[in-house]
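Colleague: Given next are the chains, with one letter for each unit.
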Amino acid sequence: MIRQFDYVVIGNSAGSVGCIEMLRSIDRSGSIALIAEETRRVYSRALLPYYLAGGIDLEKMYYRKADFYEQHGVTALLGQKAVHIDTDKKEALLSGNERIVYKKLLLATGGRPLIPPVEGLDRENIFTFLSMDDVLKIEKALENAQRAVVLGGGVIGLMAAEALCKRGLQVQVIELAGRVLAPVVDEPVSNLLKDLFIEKGVQVITNNTIKEIKGGSSVESVVLTDGTQIPCDMLVLAMGVAPRIKLGVQAGLQIDRGILVNERMETSRSDLYACGDCAQGYDSVAGISRVIPLWPNAYLGGRIAGSNMAGGRRENVWSTSMNSMHFFDLCLITAGLNISAEDPGGFINISRIDEKKKYYRKFTLREGRIAGFILAGRISRAGIFVNLMRTKADVSQFTDDLFNEDFGYGSIPEELRWELLKEDLIPGVVNGNDRIRA
Amino acid sequence: MGKILIKPEVCIGCHLCEIWCVVAHSRTKDILKAFLLEKPAAISRVIVEERLPVTFALQCRHCSEPDCVFACISGALYKDSASGRVIHDPEKCVGCYSCVLVCPYGGIIIDQENKKVTKCDLCEGFEKPYCVSHCPNGALVYADQEKGGV
Chain Z
16 MIRQFDYVVI
26 GNSAGSVGCI
36 EMLRSIDRSG
46 SIALIAEETR
56 RVYSRALLPY
66 YLAGGIDLEK
76 MYYRKADFYE
86 QHGVTALLGQ
96 KAVHIDTDKK
106 EALLSGNERI
116 VYKKLLLATG
126 GRPLIPPVEG
136 LDRENIFTFL
146 SMDDVLKIEK
156 ALENAQRAVV
166 LGGGVIGLMA
176 AEALCKRGLQ
186 VQVIELAGRV
196 LAPVVDEPVS
206 NLLKDLFIEK
216 GVQVITNNTI
226 KEIKGGSSVE
236 SVVLTDGTQI
246 PCDMLVLAMG
256 VAPRIKLGVQ
266 AGLQIDRGIL
276 VNERMETSRS
286 DLYACGDCAQ
296 GYDSVAGISR
306 VIPLWPNAYL
316 GGRIAGSNMA
326 GGRRENVWST
336 SMNSMHFFDL
346 CLITAGLNIS
356 AEDPGGFINI
366 SRIDEKKKYY
376 RKFTLREGRI
386 AGFILAGRIS
396 RAGIFVNLMR
406 TKADVSQFTD
416 DLFNEDFGYG
426 SIPEELRWEL
436 LKEDLIPGVV
446 NGNDRIRA
Chain W
87 MGKILIKPEV
97 CIGCHLCEIW
107 CVVAHSRTKD
117 ILKAFLLEKP
127 AAISRVIVEE
137 RLPVTFALQC
147 RHCSEPDCVF
157 ACISGALYKD
167 SASGRVIHDP
177 EKCVGCYSCV
187 LVCPYGGIII
197 DQENKKVTKC
207 DLCEGFEKPY
217 CVSHCPNGAL
227 VYADQEKGGV
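Quick mapping for you: the protein sequence lines, in order, are chains Z and W.
To convert, take the position in the first sequence, counting from 1, and add 15; that gives our numbering.
To convert, take the position in the second sequence, counting from 1, and add 86; that gives our numbering.
If we strip away everything but chain W, and leave its shape as in the complex, we get (with noise of 0.2 Å):
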């Protein structure tokens, strides 16, 4: 199971991993197509909490005990027993928000436009999270719990 763990101290609250989620979860992920053209835009499943001077991001946790996948009331919410990610089927969610209501860490995103909810995925696909590798401070660290690494 993986997850992203985070290094406060070194964030600055750039934003750009909430930029760059956008991108990883854009149609076309081409930076200045996913910000102009794309209608909807893609949603940045990461958010930067601040009380400055601390900055610091945070997303789905993928939890060994996931609320949100007990609480779905659709079956949209799964854990994935091959990959530990917890993931969310756009298709299947009505948009009742019961994952919103019980993730500790308000990992849920809602998605205004659609009246669903989005979730982190960890960049399923590409080789590392968006939000890591193009962190410009080593701010993000993805930890691949499965393989022992940090």
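If we strip away everything but chain Z, and leave its shape as in the complex, we get (with noise of 0.2 Å):
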């Protein structure tokens, strides 16, 4: 069988959705078709350590109306998996040989779990936590589990073990690098996050991994590279994620580590785009080309595609890698690079902590510009240094102010700030008084 669509989206998370919202913002006949293996209607990964914790019921974990697809007029072909592209016929081919033919195809194909490299995988009670299949899977696991082992001390890894702490396990977290969540936040956070962790009764171990999987029919217990054995009933798999390339390498796609895409979200081969998790675009601040895996990004970069599809003209014109977490009371707010300490080379970092209130700030500057932060403890009105960054607003004359903790727009001097909110105000209300220019 052989049908006909404007649009197609494969893919059905935060990509998809942003641009089918666009395109329908802009054409409001066109036929869409949404493409994806799970069955079920668009819901949110983000959410899984949420509805896992124990905080939010399954209806909550749903991202968008049940009638979503209705009311967009998008055909959804929902637990149909696309296993080829042809770029030259412009037509995707799905697993029960159906074909559907495009005018415009977006890849929001997202990213797959990593897997350890040992043996024994196949396991019971050993799982991915990515979908909310694994999540159930999990859930049904801790009717007979009291020992979890979470092999990743990443965002993911520490909100799975968070989650299973709440659920009243005892938790291990295995991290391969010398701390936790190194990525993203510098050594003084990696080291309140590990101290935040024990204090809740979940043992942190770093510069370790594992490399042998024992038990029956279902894990029993994992053996570390140092030879340390720890029972458990349960293994959880949250290394991160790789993007969903395949596709796109069949359709010979550009590829880097993603599918490499322009700033108007546009592949290798024309009408053919990329978005989210399997997509490589440019980094602002980084000033390199890589993958940046998270929801905001995907979103938006699904709307940029909507808008280009559609046949509007729109570009990327900042992104950054950013993140908002909390694991238990401790809200943390990272965006732009991550310099550590011992080897800044061009940047200069400021912080300043207090271990008491749990508070610490940390700026890494370049050239009087923000490149990156870190905000942990106190993370209101976070955006405002995003816009500074975004901007490449020079902050050197009032660094002290950015520790702040009321930090707002009226601790940027006049000028940068009367700028920044030139939108924003009616300047010139007092006859003759020139100090507020717009």
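Take these hints with a grain of salt, some might be off.
What follows is a set of in silico ranges between Cβ atoms, one per label pair, in the way DEER data are often shown [stated by the list, open to error]:
#1 Val96/W to Ser366/Z: 35 to 41 Å
#2 Glu139/Z to Phe121/W: 53 to 59 Å
#3 Ser169/W to Gly255/Z: 36 to 42 Å
#4 Gln412/Z to Lys201/W: 34 to 40 Å
Okay, the calculated bits of chain Z under chain W, using three or more residues with CB under 8 Å as the criterion [unchecked claim]:
#5 58 to 69
#6 73 to 85
#7 312 to 323
#8 390 to 401
#9 417 to 425
Over 12 Å on every C-beta distance to chain Z, these chain W residues come out as not near it, computed from the model [claimed, not checked]:
#10 Val108
#11 Val109
#12 Ser112
#13 Thr114
#14 Leu122
#15 Leu123
#16 Pro126
#17 Ala128
#18 Leu144
#19 Ser169
#20 Phe212
#21 Lys214
To be clear, the hints were calculated from the coordinates, so they are not data collected in a lab.
By construction, the Cβ of each residue, glycine as well, lies at the ideal position given by its N, Cα and C atoms.
Taking the hints as your guide, dock the two standalone chains into a single complex.
Modeller: In structure tokens:
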């Protein structure tokens, strides 16, 4: 069977929704098909830890209303796998041999979980942590589990560990690097986190990984590279994700780690776009092309792709790595570059810590401009720092104020402040007063 | 789409906009009960910025390209296409604070008590936003750009 659509979207998460919502705001009549392997309507993967922790019910996992596809005139081909894309014929082949002809195609296939290269992964009670099915399986296994091992001390691993801890399990986190969350935070924050997890009863093992999985039909213990054996009833693999690029490879697209896209989210083949965790674009702060596997980046990428697919012209003008996280009661926000103290290169790190209040702030500056920051404990109005970063504002005259707990636009010197807020004020109210110029 | 514009020159930093914002979002809409009896108390969604002698009030700008909506992982934040308001549904909010991370104005307010966020809703249901109608010096102006008026 052959079907034809103006727009075809492969994948069913943030990027796809961003694309569809944009498409429909421009083109109300063009036909849209969405192809997704999972049979569920669009849910938020970012909420999986919240569900596992017991904080929200299943219904809240859904990212959009039940009639989202209907409302947006989308033919949702759920439970269907796209197995090949022919960029000359401009069609996608589905596993049931159905052919879907497209005018414009978006690849929003996301990431696949990283799996350690060890034997015995086929045992029961070993889970990845990326889909609703994963989490429902973990939840079922909780009934008979007391001890869990989480492999991976990054954002996802720590969130999984916290959730399992809150469900009453004894949890051990195993991280290959020397400290947790190393890619996005610096040493003081890693230490803060490690102490916090230990305080909550979670063991954190660093500089180590799993070399062997022992057990019968089900996992019974893991053996670490240093020989330590840890008994467990459950193993969660949370080492992160790699771009799902298989379709892109087969289609002959240019690929590095992810499918390469330009600022219009176009791949190397015409009428074929990519966004989200499967794609690799320009990081404006790092100055390199890289995969930014984060929810906001996926949504925004989809939105930009959608605009261009519908004949508009929209570019991704600025993106970088950004994270908002919280572990137990500690809130963390990071953005831009994470430059270590040992080897700062051309960067200057300025930081302050208040260990009693569990409050930490660090800014990484390059030529007087913010190239990255980390906030722990107090994260209010963090977006203003992102805005200073995005606008490449020179902050060298008020670096002290950046540490003000109540930092806001009031803390920014006048000229810069009114420049940033020029759309938002009515200047020159008082006759002859030119103090405020817009 | 509407938003509230500021006249920093005539703002006297009295913080009454914050007070009336609390009243507007209280259950009773009564200033005494809002502050003395309601538990949890309503939260002001407007912030008075101060760098004396300059003061001005700032709240959500109801952006046409709202970064907070794009970043929201739960679908709690959305832009209402009819009114142009950026709306927050506390029932859906999980308190991930992604919106706090991306809002360039710092317009998303953290609700510490409920571990969620809150924000300006332009006083839905009232004729004018309370901060605008109750500013004693006319330092806040509601600009309903759809109707073309400032």
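Colleague: Tell me the hint numbers this structure goes against, listed in increasing order.
Modeller: 18
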